[in-house]
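K.L.:
Line by line, the protein sequences give chains G and P.
Those letters in the first sequence? Residues 54 to 339, per the working numbering, in order.
Those letters in the second sequence? Residues 438 to 975, per the working numbering, in order.
None of the hints are false.
When the alpha-carbon atoms are kept at most 27 Å apart in a straight line, the in silico DSS-like pairs for lysine-lysine are as follows:
1. 302(G) <-> 162(G)
2. 112(G) <-> 100(G)
3. 205(G) <-> 302(G)
4. 205(G) <-> 907(P)
5. 256(G) <-> 302(G)
6. 100(G) <-> 124(G)
7. 205(G) <-> 816(P)
8. 933(P) <-> 256(G)
9. 816(P) <-> 302(G)
10. 232(G) <-> 933(P)
11. 232(G) <-> 256(G)
12. 124(G) <-> 112(G)
13. 205(G) <-> 162(G)
Part of the chain P face toward chain G, derived, beta carbon under 8 Å:
14. 611
15. 643
16. 644
17. 708
18. 858
19. 859
20. 862
It should be emphasised that the hints constitute simulated quantities derived from the structure, not laboratory data.
Note that CB positions come from ideal geometry on N, CA and C, so glycine has one too.
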Amino acid sequence: MRTDSPLNQAGAPAQPADTRQVIRPYGDTTGDGMVQMSFTLPVPAGKRAEAAALQLAGKMGLEPASVVHSKPMGPDFTFFIVYGRVNHLIDYAGIPVPPEREYPLLTAKQVNLAIRRALNRRLVVVGACIGTDAHTVGIDAILNVKGFAGEKGLEYYREIQVVNMGAQVTVAELVERAKAEDADAVLVSQVVTQRNAHLHNTKQMAAAFHAEYPTAVAAGMGRPLLVVGGPRFDTVTPEDLGVDRIFGKGTTPAEVASYIAHALLPADTITDAVRETDGAEGEETP
Amino acid sequence: MAPQRKLDLDPEVVRRARRLAARAAEPIIEMARTHTTVSVERALLRLAGLQGADSEGRPWVNHLVDAVRDQVGLEHGVALPVWDALARGPHASLAHLARDAARGRISFRIPTGSDATLATGAARGAARSGIARIDRRRAERDRLLREIGDPAQPWVYLIVATGDIYEDIPQAQAAAREGADVVAVIRSTGQSLLDFVPEGATREGYAGTYATQENFRLMRAALDDVSRELGRYVRLTNYASGLCMPEIATLAGLERLDMMLNDCMYGIIFRDINPRRTFIDQRFSRQIHARAGIVINTGEDNYLTTADAVDAAHTVIVSQLLNERFGHEAGLRDDQLGLGHAFEINPAIPGSFRLELAHAQLVRELFPDAPLKYMPPTKHMTGNIFAGYLLDAFFNLAGVMTGQSIILIGMMTEGIHTPWLSDRDLALENVRYVRDACAGLAEDFVPRPDGFVVQRARQVLSESIELLDKINDDGLLTAIAEGTFGVTRRPADGGKGLDGVVERAPGYLNPAIEILDAEDPHADRAERLEPDKKEVPA
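In isolation and in its complexed conformation, chain P is listed as follows:
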């Protein structure tokens, strides 16, 4: 979908904005390439097939990484010491090794010479088999999209959040039958700050359901069933964010999730996760998403819930440009960049809808090939459900007029309670009406040259350039520390998870990163992979 150009943006200004974003991102990317984290290392072990947890729920990947770290440090990565220990015997598998490591019975070392060669080869083989499983899942998705059918955009995005995966499943299926093209399972509050991924099917969560590999598998299977019933492939979304971002991305790839919330700065600003930890984890998670064919959703809408949606409009653009740059560098294609934005301008401001149109059209034109994710009003939903229903209709209208790709469905009871069955039904009635009544309106909507909408869009773009200039002068970490995004100050050495960051030493080995750095994530592997589609995860 190539939208028409309606704002007459100066292409040189747009190029300059991208250049500035790339320059601001460069030192961060360099940091990510030269550091690792406990979660990146655990993700490698998950790719290699290590699953499960001890009787207290502590995953074996945590035990193994912690044991290696205690004995030889993580600066060389876990691959060499772990596969060296396996080669020395007598453990038949990573799981056995992890159990004994947890009991303190394994003595790890950094192997040298032929031992190192042996360990490297074995680790590479294990990483390769994990990446191949992700490749097969991607091929499987492509096949299902062909066989079952891919719904037209804009995709209707609905949320379920009961805390119990076995309650989520019928709700998600009902949502799909009611018209959802994308179902997101909201995570339990606080999971982002857990430094481990819970195990198994879970039935208790706080305002959401834990992201676990088994929950992913159960929900994807249930949506496959309902997709076949409905004749359209219903996408599944979860959250690759927080302290376990790389591992959750890996599990999403292994279980064929389709979209993942994955923002470059959300965890820093809204969860007070350490900035360095976030950027390092993020690069690995995005490389996995690129390889898995997963569409990421970024979180710029959140800035507008704390900052003013007019004053801070340019921070959304700047963050989108940064998310794009970090995404491209990690191998994501434009069609995997679900850049976020939101309809959050105070409706009491005269011309608020024209401002919304200007912002939404600007994002559309800056990122013509990205599946933009447009978020409904939340901040100005007052509890007046009638006014809220109207505001949601205007949000839907702005989405249709400006050709947004993924529309999260606004609830008139936003801020009162988690959506009731009837709330969801009424919300879908709202969006269906607007979508049907205004189908094709995007073609007719051509803002007057140099009119209000065009001028406002240009103003936001020029404010974005000013901010990018400033970020380049000060450095992105400083800008974040000063509260540039979301009005929240986050110093580079503050926040949670910094102790899990380690600078890579010469000779660092992570065979998953080797593969992800070296290979084109989008090379056509379908022919080679399809025969194995019935493979069961180890």
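Bound-form chain G, shown alone:
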């Protein structure tokens, strides 16, 4: 029988001090816990309104708190800026490390090389904003040559043929076009989120593709890869929606291109493409 268990010694699990990493907000001194916030209360400005603001701050865990600015906004509202010390502690060690991207980020050259080797033709991507969503900013950022965040969009990739259908495309139009173009991947952008339209639209789109390709085994095996992007998909999984991948805010064209290559092309063509382009200056691969 083991006798060195901490449970047996203290009757409760001892927290080894070195596994915790307690943090609190940092103003100008470690551990001061200072935060700033601003909000509006639907009451006329005055001492009573300030007391209400302080009470709210207290209930939010700010102690002490001070109203550094209050301003009437019309006769019925008051705007506040409040500073205070929060009494909450965060154990940073208990925050899970987010999963790393499960595929390598490739350059345009690497993607082009891998596609050429694996397919011996151009990879076809059909993109659209579906439903009533007229905001093409997302799909354009990924597809247009202009790109996003200094990265060129997929139109810039020589081995990717881009069909950008633009805004307010119906699911039927998208499916029809994807079939006509023999699309390898379908990209859908959903920015408008009123009444969860983005979720309904995406599910409807995925269902239509699955119905159109009933014998498909997987993405790239009987049906196109289904990718959706938008700022408000953080509460759902790809399985919920019936798509292969969800991209969020700030996604760059290279991330999308790399994902498509990773999902549709054999792993060794990508490894080879990376080795050849990386090794261009150093070791020659005979």
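For this one, chain G is given, so just place chain P on it according to the hints.
P.N.:
Coordinates of chain P only, in the frame set by chain G:
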């Protein structure tokens, strides 16, 4: 307001730019003069007083135009077959006729001889009464501007967009009290692609509120109230764009809206509406705006949200020159041309503010009498509200320094959410500070001769000329198809709404277009019209 000339632009180069724009526009104008669309025809019926919809919300104007089209086509216009059918009886009104047409009970024909003369006369009378209602609304605006007071420029332009007209109204009134000179009611997402105008007061929209005649009337009445309270006339803006551009322009004229978003290419590029449909609809809508005394706002700022604001600066100028030419041809005066541009250069670029000043001053000097509409940064608003507030202040400063006329107020929470009450208040505090602190700075701001700002402005102008040359070689429709504007390719036969375009046949009649083509939209009609100012729309 005649701004000083600070850039020493070569007048011959400026004239050449205008000549090239006029030449590029000519074939498009010719196309618009020889074609009609379902929405142009429906607009005539709306002018003639046909309102309302069936129990499913399909407007009677749609029913009537579709019925005529199915039976005799639209190449002669709806006027002859519709007023011929009315003359033959027994329908007392367009509304009765439309109901029976929807049930398939009307047999339309293209009348000839004395029947045609009779129908033409009746149709002309109906169009005349609609145009006269628009004239009365314009006279009413002129009177209110005199009685209540017209705010000084730059006008502060704020947006409301709740989706519910009865929520929009108090928000718009609050915005006016907070300092808005212009209130825009953003339309519901997707309305531009509806081929009908919804009816009645609406309480549900997506990221905006439907443009309907009743919503227009309710909001204008609410702003009239608050205008009297504040002692300045608060202008109302909506959107004459999309597939129903001519009808919405007509409703705006009938309900005394003051400004309308109306760009010559926006729908093509950003909504994938067919280019031919857009240009034909646009000419009619601009003729109505000219007649109604409405200031149009063009959408060049949008190009800079997709294209790079430095690389594409000249596409803004080219589009403005085209918008000006199309506007003038349709009867709009310079003071009705709210040409758009924007502060969208990446702030990480060294000298970005000097570039912005160069672009804004160039637009100011090219269009000295136009009420320019200057749009705040959106693309480089990152979610860092503090940096965003600073960028908005620089935008306001550029607006004041270069004498812009209509300043849309930038929100530090741009791209995060639709503006909160506090966002709007802070934004107005920002613009008030800059406007007060820098009042008159435009007089002191004189760029160094041949300095950075002057040279940059000249460079953009010369790039504009190059592009106009190319557009003239290829044709405007080809240039649009090739993605010249906003980096989006739009072929002339692609996009939505082409099936609603019809070439006019000999003998085409549209009595509204007859009046709008023949008469000076700005002739002084106030004396004749004022006595009727209490008229209630039919």
